[in-house]
Amino acid sequence: MRMFSDALDDDLLIGKLRMRAYDPARRFDEATVPSEWVEDRFGKERIELAWRSSYPIDSEGTIYFPAGSEEAVEYYQDAPRGPMFPPASPAEVEYVEARIGHQLPGILRRLYTEVADGGFGPDARGLGCLRYGNRDPRGVVWPSVVQLHRRDRRNGLPASWFELSPGGCTMYWYASLTEPDNPVLLYDADGWDPDQGQRPEDGITHITPSLREWLWTWAAGGDVWAPALLR
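This note's numbering puts the sequence shown at residues 242 to 472.
Just to be clear, a hint being listed does not mean it is correct.
Label-pair ranges, simulated between beta-carbon atoms [as the list claims (entries may be wrong)]:
#1 Leu471 with Pro399: 23 to 31 Å
#2 Glu420 with Glu335: 17 to 25 Å
#3 Ala400 with Gly256: 48 to 56 Å
#4 Ala461 with Ser330: 22 to 30 Å
#5 Pro275 with Glu420: 37 to 45 Å
#6 Arg322 with Gly342: 30 to 38 Å
#7 Gly309 with Asp422: 25 to 33 Å
#8 Ser300 with Thr419: 36 to 44 Å
#9 Asp281 with Asp434: 49 to 57 Å
#10 Ser294 with Arg440: 33 to 41 Å
#11 Arg293 with Arg392: 32 to 40 Å
#12 Thr446 with Asp299: 41 to 49 Å
Because the hints were derived from the structure by calculation, they are not lab data.
Beta carbons: idealized from backbone N, C-alpha and C, even for Gly.
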């Protein structure tokens, strides 16, 4: 059984995260590729295959292929390698910790200061940013974790929950900042009703035992959803 706690393991994890975060074909669970390029390179049949495979295609004709797919790897083979957003400074980490009232786990601190200030990770958006005003290549401003934390507090969520990544629809991934090993919580915002005397904890649908385990799964190319879907 893999242990997720020693410093050497964390060095390996940071290296794995950096490799994915710096590769636009693998930075998220999906990689965007223009349909015109796909048709020119692979033919119209590949567009039809994308439709049959239910890959999302937006109004601009952009296809969302799975990370690491042949189409994504070839399209981005000559793209620069590097983070979408530069790593944060220790002072920026401390600023966020002061605003949310909790220290970040050591591995999360290293992720933000040694890999990138968010802009990579599970699903289509990945981790939030410590800084305000980070813009992606399309000019979209990414939310800061402080903004997300304030929103969650207004919605009644515990202050010790730190949003890692949206999961689609009303699902979100959170890390507990106070429990040992910082378990990761898959939370459904529509899964509890305060009018029925329920609490946010009633909206938790799955728990990954540790933040390191959750990060290792994604860094190694796995699906963080897989354990939840087996329930």
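Going down the list of hints, with the structure as the test:
| no. | hint | in the structure |
| --- | --- | --- |
| 1 | Leu471 with Pro399: 23 to 31 Å | 26 Å, holds |
| 2 | Glu420 with Glu335: 17 to 25 Å | 22 Å, holds |
| 3 | Ala400 with Gly256: 48 to 56 Å | 32 Å, violated |
| 4 | Ala461 with Ser330: 22 to 30 Å | 28 Å, holds |
| 5 | Pro275 with Glu420: 37 to 45 Å | 44 Å, holds |
| 6 | Arg322 with Gly342: 30 to 38 Å | 36 Å, holds |
| 7 | Gly309 with Asp422: 25 to 33 Å | 28 Å, holds |
| 8 | Ser300 with Thr419: 36 to 44 Å | 43 Å, holds |
| 9 | Asp281 with Asp434: 49 to 57 Å | 51 Å, holds |
| 10 | Ser294 with Arg440: 33 to 41 Å | 39 Å, holds |
| 11 | Arg293 with Arg392: 32 to 40 Å | 38 Å, holds |
| 12 | Thr446 with Asp299: 41 to 49 Å | 28 Å, violated |
Checked against the numbered hints given earlier, this structure breaks hints 3, 12; the rest are met.
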